[in-house]
Each structure stands twice: as structure tokens, then as C-alpha cells.
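> Residues per chain are reported as follows:
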Amino acid sequence: MRLRLFTQSCLLLLFFSAATAWADSSLQFSDSWLRQAPPSAKYLAAYGELKNTSAFDVAVVAMSSKLFEKVEIHHSRFQNGMMKMTRVEKLTLKPGESVVFKPGARHLMMMKPISPIRAGDIVPLIFTLNTGQDHHFDLPVKR
Amino acid sequence: MKITNNLFLLLLIVLISVACTGKSEPEPLKVPESLQGLFVDSPATKLPDFRFTDHNGKLFDVSRFKNNWSLVFFGYTNCPDVCPNSLSIMDKISKQDGLPKNMQYVFVSVDPKRDTPAKLKEFVEYFNADFIGATGPKAELDKFQEPLGVIYDYEGDTTSGDYVVNHFAAIYIIDPQGRERAYILPPHSEAQVAEAFKLVYNHYK
Chain C
1 MRLRLFTQSC LLLLFFSAAT AWADSSLQFS DSWLRQAPPS AKYLAAYGEL KNTSAFDVAV
61 VAMSSKLFEK VEIHHSRFQN GMMKMTRVEK LTLKPGESVV FKPGARHLMM MKPISPIRAG
121 DIVPLIFTLN TGQDHHFDLP VKR
Chain V
1 MKITNNLFLL LLIVLISVAC TGKSEPEPLK VPESLQGLFV DSPATKLPDF RFTDHNGKLF
61 DVSRFKNNWS LVFFGYTNCP DVCPNSLSIM DKISKQDGLP KNMQYVFVSV DPKRDTPAKL
121 KEFVEYFNAD FIGATGPKAE LDKFQEPLGV IYDYEGDTTS GDYVVNHFAA IYIIDPQGRE
181 RAYILPPHSE AQVAEAFKLV YNHYK
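Protein sequences, first through last, are from chains C and V. Just so you know, we're using my numbering here: the first sequence kicks off at 1 and counts up by one. Just so you know, we're using my numbering here: the second sequence kicks off at 1 and counts up by one.
So that you can see chain C by itself, here it is in the shape it has in the complex:
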């Protein structure tokens, strides 16, 4: 009986560590870049393609970068030529689904840089999922 409980615990542990390993590689951020702005710019934008490579739904609930005070997902929309920007609270991705962050559409709004960001710099970015896990990426700064 005891042995059975032990086996079960082991299996459970194995399952969770496997799940963790899965989740660790569950997010891919490719072709990413941050647009350099004039030195005193308080708001910058970053782009790229975010893909859920896991077999589960994932939701991005927060983002951060040690070089910025705040990072949010924003969506620029054009309605009859009028540009409106709205904040995206939560981004859910189905297995295999990807979203593209690009100019004039969904983008990462990098707010209030701690110091000026220049082309050639590398900016670290963290996506936090609803599971509590952090995913780290490095974004090159381009003009």
C-alpha cells in the first residue's frame, strides 16, 4: 500500500516536472525588435511574433523589463483613418497559435525608459503567464 502511494507520488511529481518542462518552452518570440525613439521619448514600441508552442492554452497576464517602468500590450486601430489605441489586458493563445505585433496594429508599449535606449542596445523583456511562469526574451533595438 505504502509502495503504491510512493509510486503514485513519483508519477505525480514526474507529471508536474514534465508539465513545467513543457511550459518552459511554451512561448517563442521571434523577429522581435524595439523601435529606437528620440532621446527624451517616454513611450516606445516593440514588435515581433509571439507563438504558443505548447499543447495547452497560455495567457500572457503581465510583462516587464528592468529598463522600463511599465510594459503593456496596446492595439492601434484605424477607424476611418482615426487612430485609436486601446490596452489589451490579457492575451490568450491556443496551442500553436501566434500573434504578430507590428506597426499600426498590436504592439508592445514600453513605457518610461529608465535611461535612453539606443540602436544596438539589447532590451530584456519578461512575459508572465497565467501559470505564474516568466519567459525571458532579449530584444534588439533598431532605428
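Everything labelled a hint here was simulated from the structure, so no lab data went into it. One or more hints might be untrue.
Simulated restraints on C-beta separations [what the hints assert, rightly or not]:
{"#": "1", "chain 1": "C", "residue 1": "V100", "chain 2": "V", "residue 2": "D142", "range": "18 to 28 Å"}
{"#": "2", "chain 1": "C", "residue 1": "E97", "chain 2": "V", "residue 2": "L99", "range": "34 to 44 Å"}
{"#": "3", "chain 1": "V", "residue 1": "A118", "chain 2": "C", "residue 2": "D138", "range": "46 to 56 Å"}
{"#": "4", "chain 1": "C", "residue 1": "A55", "chain 2": "V", "residue 2": "P100", "range": "50 to 60 Å"}
{"#": "5", "chain 1": "V", "residue 1": "Y154", "chain 2": "C", "residue 2": "K112", "range": "13 to 23 Å"}
{"#": "6", "chain 1": "V", "residue 1": "P48", "chain 2": "C", "residue 2": "G120", "range": "35 to 45 Å"}
{"#": "7", "chain 1": "C", "residue 1": "Q28", "chain 2": "V", "residue 2": "A139", "range": "47 to 57 Å"}
{"#": "8", "chain 1": "V", "residue 1": "S160", "chain 2": "C", "residue 2": "D57", "range": "29 to 39 Å"}
{"#": "9", "chain 1": "C", "residue 1": "D57", "chain 2": "V", "residue 2": "K101", "range": "32 to 42 Å"}
What the simulated footprint calls covered on chain C by chain V, stretch by stretch (three residues with Cβ under 8 Å from a Cβ of chain V suffice, anywhere in the stretch; the number is not a length) [stated by the list, open to error]:
{"#": "10", "segment": "43-55"}
{"#": "11", "segment": "92-99"}
Every residue, glycine too, gets a C-beta built ideally from N, C-alpha and C.
Starting from the known structure of chain C, fit chain V onto it as the hints suggest.
Below, chain V alone, put in the same frame as chain C:
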């Protein structure tokens, strides 16, 4: 004989009217279906009588459009996505061939509270040292609402300065008589804006 006289009279009237207006209004430009977002004003729309301040602190009024072909974009310098994109497209276009020599690029801020001449200077010169930045008080900016459809509003806390600006984001083509000839709706690409401008310029120059 009477017909010849009438024809002569008609020709005279046409000649006089052309001489008075400088140029007769050409046939409206036909925009090819493959070109997205270009809308031509036929006849051209007169700009309002406005007074802005440019990025060097000088008066910027309708006279600054005279004798130049201009690409004009209304936005704000704290705009992280759309405005830098359209301005960098305008910069790329400025380096292309086939453009008139008397060409200028103007960025008008609809956020005069935050966009001082110094801030405008840093912003426009970041994209191109020859670009012009301008803004004016709300009453002056609002003069563009009726003739050009420039609308904007603020979202967020305008007292703390933490707000975004929703704004009409077209690129306007202003002719050397200081009139709106056309506008190009976003989203913008270099190929689209260049093709649109060259089409309008070659038709109406």
C-alpha cells in the same frame, strides 16, 4: 461667320479665366484600384487661415505652404507606434528619385500642451534634419477639423500628462498654392505613399 465669332469669344473667355486663376482645374485624377487609401480633392480644398509656431519658434502659417509641395501628418510626439512609423516612411520617401525640388515634410502636433517647440525639434529632427514640426493652440488646430477632417481627442489624465491622443492619422498632400490636393489613409507603407504622391504630383503639377 457667326459661329466663328462665337468660338473666338469662347476661346477669349477661357484664356482670360485661365490667366486670372493661374491654372485651370485639370480633370480629376483617376486613382488605380490597386492603390489603397488615396483620396483626391477635386477641386482642391483651401486651407484655413491658421497661425502655428514651428519647431524653431517661428510663425508657421499658410504662406509656408506656398510654392512647395508638402506632405503633412497630424500626430503627437509621445505617440510610440503610428506616428514614428509614418514619419520614418516620409523620411524614406524624401530620399527617393522623381520628387519635386520644392518638397517639404511637416509634422503638426495636436498635443500642444506637451509638445513645446523644443520637444517638436527633437522629434522631427530625429527622423530628418529638414523636417518641419509645428503646433498651435486648440482654437488654431480645430480650424482644420471642418475642411480637412483633422479630429483628435485625449484619453487619460491630461492634468498629470499621462494620456494618449486619438487622432486622424492620414498623410495630406498640399499643393504649391497652399491647398489640400489629396490625403492618404493609414496604415501607411513606403510604396503606397510614394506611389500616391507621385501620381498626384505628376497629374496636378
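> Next step is simple, just say for each hint if it's right about the structure.
Results of checking the hints against the structure:
Between C/V100 and V/D142 the CB atoms are about 36 Å apart, so this pair departs from the stated range of 18 to 28 Å. Range check, C/E97 to V/L99: about 43 Å between beta-carbon atoms, so the 34 to 44 Å window is met. Look at V/A118 against C/D138: about 34 Å separates their beta carbons, and that is not inside 46 to 56 Å. Taking the beta carbon of each, C/A55 and V/P100 are about 58 Å apart, inside 50 to 60 Å as hinted.
Restraint check, V/Y154 to C/K112: a C-beta distance of roughly 19 Å satisfies the suggested window 13 to 23 Å. Checked against the hint of 35 to 45 Å, the C-beta distance between V/P48 and C/G120 comes to roughly 44 Å, which is consistent with it. For C/Q28 and V/A139, the hinted distance range of 47 to 57 Å is satisfied, since their beta carbons lie about 51 Å from each other. Separated by about 37 Å at the C-beta atoms, V/S160 and C/D57 satisfy the suggested range of 29 to 39 Å.
In this structure the hint that C/D57 and V/K101 lie 32 to 42 Å apart at CB is violated, the actual value being about 58 Å. Proximity of the segment 43-55 of chain C to chain V, defined as three or more residues with a beta carbon under 8 Å from a beta carbon of that chain, is established by the 3 residues found. With 0 residues carrying a beta carbon less than 8 Å from a beta carbon of chain V, the segment 92-99 of chain C misses the three-residue requirement, and the given coverage is violated.
Hints 1, 3, 9, 11 from the list above are not met by this structure, while the remaining hints are.
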